[in-house]
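Participant: Sequence:
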Amino acid sequence: TTSNLSMNFFSMIALAERYNCGASNLPISSVTFMQSALGVNRNESSNTEENGDFLSHRTLCSLVEQAVGLIFMRQKLELYSLADVDGGVGSGFVVARTGDASWSPPCFLSTLCKKHGGNNSSQTMTLIVVRKTELINRLILGDTVKFGASKKQKMNVLIRDAAIIGMNDGRFNVVTEFMAATTVNEEQNQSAYALAVASEEILNAREILAGNISPPEQSVDFYGALQSLECPYSMHSHPILPDSLQSYCDTDWVELSPHGLGTVSAAHGGMRTLLKLISQGGMEEEKREIDMFARKFKYYLMDGVPVQLVLPSNPGCREEKVLRLTIKNSASLSESVLEISRKRRPGVLNVGMQGSFVATLDNITRFSRNPPTLVNLDDEEKKRFFSFETDLSGTPIMMLAKNRKDAMLLLCGMKLLMEREKF
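By my numbering, the letter at position 138 of the sequence shown is numbered 138, and the numbering carries on one by one without gaps.
Keep in mind the hints are simulated off the structure, nothing from the lab.
In this text, a Cβ means the ideal position worked out from N, Cα and C, and glycines have one as well.
Any given hint might turn out to be false.
Stated by the list, open to error - The list that follows gives simulated cross-link-like pairs (lysine-lysine, BS3-like), each with its CA atoms no further than 25 Å apart:
id	residue 1	residue 2
1	LYS405	LYS296
2	LYS422	LYS296
3	LYS382	LYS405
4	LYS298	LYS287
5	LYS402	LYS422
6	LYS296	LYS328
7	LYS298	LYS151
8	LYS132	LYS152
9	LYS298	LYS276
10	LYS383	LYS402
Claimed, not checked - Here are the in silico distance ranges between beta carbons for each label pair:
id	residue 1	residue 2	range
11	MET283	ASN212	54 to 62 Å
12	THR326	SER247	24 to 32 Å
13	SER102	LEU158	20 to 28 Å
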């Protein structure tokens with residue numbers, strides 16, 4: 001099933017097609033100049049194809065978070081006979097980080113690309129995630145910038161200067177063989193922003209990518225899609241607790257409890273008992289609701305949930321953090337990692353960012369919404385309290401969720417994941 005993150009990438013690509021004009025208007029001089037940058041000739045073969053290395057939702061989000069620029073290309077994959085190039089010409093646009101880390105208006109581009117040997121489509125869309133400011137600066141200066149990828153590249157996609165992303169069978173993946181040259185299309189920029197500048201004024205790429213001009217009106221959905229990738233907590237709908245799980249939002253989960261319950265009495269049953277009854281009793285509707293909640297909760301936690309870390313040494317201090325789940329093995333959650341880390345900064349390197357606390361689910365022994373008596377919290381903070389313990393932590397890892405609903409989701413959702421994994 002395609003996630004919200006992937007759907008937003010599809011939305012951006014669809015909007016990119018609306019921005020682009022036909023490649024047939026590309027001046028022959030631009031094609032020839034870019035051809036020399038690519039170093040291609042008529043007799044050179046290209047076995048370009050996309051591999052099966054599909055990108056995870058977290059990787060897609062991390063790529064955009066760390067990007068200083070995003071380039072959307074549409075190539076028309078047919079021989080451009082006048083340029084004698086075995087490939088395609090096309091157009092696209094780039095958005096770049098401005099001084100406040102927001103995204104600039106789109107600056108339109110002309111492109112020349114080697115033909116994808118494994119793709120017979122007449123047109124293809126490609127996303128280039130740029131992580132090196134120098135590449136954007138060269139575009140601003142009017143240079144022709146070459147982007148490439150090779151099967152020989154073994155480095156992780158998150159540490160490349162530019163990651164080339166394509167689509168295969170409706171999913172996003174890293175393109176392993178790619179070569180393209182791109183340059184600013186001044187004529188298209190002048191046309192797209194004609195209403196925003198005086199008729200005699202020449203609009204340059206620097207003004208656009210610095211954010212000194214307003215983006216076209218039709219770009220509202222595009223920036224909404226970008227924001228939803230970088231701020232999934234505030235942009236995406238949150239999981240809804242099934243009625244059958246509502247009573248498990250306030251009681252502790254303890255690993256060694258015979259019923260997987262805290263203050264709920266054995267007569268009440270506990271979540272473990274409930275899950276067994278639903279599984280063995282043919283309660284298909286309840287089972288579907290719980291399965292749907294579990295799946296959405298995992299995405300919710302993988303995207304990152306804002307919390308305030310409460311330090312035992314200084315209970316009055318509140319550190320802004322993000323609670324995040326990273327799934328290491330889809331077949332088993334026991335190796336998955338629950339991490340409390342600082343908020344990611346857009347447009348900067350976040351790979352390897354150390355968390356304040358990291359624990360595998362296999363080591364967690366308790367979840368609770370009941371604060372210790374020694375921690376001084378007001379009534380509103382008590383409603384938002386959430387904590388967990390591990391067999392190594394010694395003391396609870398305490399935090400305040402953004403609101404009571406988040407605290408309830410965290411406790412009930414984590415209970416469900418742990419019960420399904422451990423028992």
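Participant: Note whether the CB distance of SER102 and LEU158 lies within 20 to 28 Å or breaks it.
Facilitator: holds (22 Å)
Participant: Against the 25 Å threshold, does the CA-CA distance of LYS383 and LYS402 hold or violate the hint?
Facilitator: holds (10 Å)
Participant: Does LYS287 lie within 25 Å of LYS298 when you go C-alpha to C-alpha?
Facilitator: Since the Cα atoms of LYS298 and LYS287 sit roughly 17 Å apart, the hinted pair holds (cutoff 25 Å).
Participant: Please check whether THR326 and SER247 have a Cβ separation lying inside 24 to 32 Å.
Facilitator: With a Cβ separation near 30 Å, THR326 and SER247 satisfy 24 to 32 Å, so the hint holds.
Participant: Does LYS296 sit within 25 Å of LYS405, going by the straight-line distance between their CA atoms?
Facilitator: holds (15 Å)
Participant: Hint check: LYS132 vs LYS152, CA-CA at most 25 Å. Holds or violated?
Facilitator: holds (20 Å)
Participant: Taking the CB of MET283 and the CB of ASN212, does the distance hold inside 54 to 62 Å?
Facilitator: holds (60 Å)
Participant: Given the hint that LYS402 pairs with LYS422, does the C-alpha gap stay at or below 25 Å?
Facilitator: violated (29 Å)
Participant: Take a quick look at whether LYS296 and LYS328 sit within 25 Å of each other, Cα to Cα.
Facilitator: Cα-Cα ~17 Å, so holds.
Participant: With a cut-off of 25 Å on the C-alpha distance, tell me whether LYS298 and LYS151 pass.
Facilitator: violated (33 Å)
Participant: Regarding the pair LYS298 and LYS276, is the alpha-carbon distance no greater than 25 Å?
Facilitator: Holds: LYS298 and LYS276 sit about 21 Å apart, inside 25 Å.
Participant: Are LYS422 and LYS296 close enough, with their CA atoms no more than 25 Å apart?
Facilitator: holds (20 Å)
In this structure, the hints that do not hold are numbers 5 and 7, in rising order.
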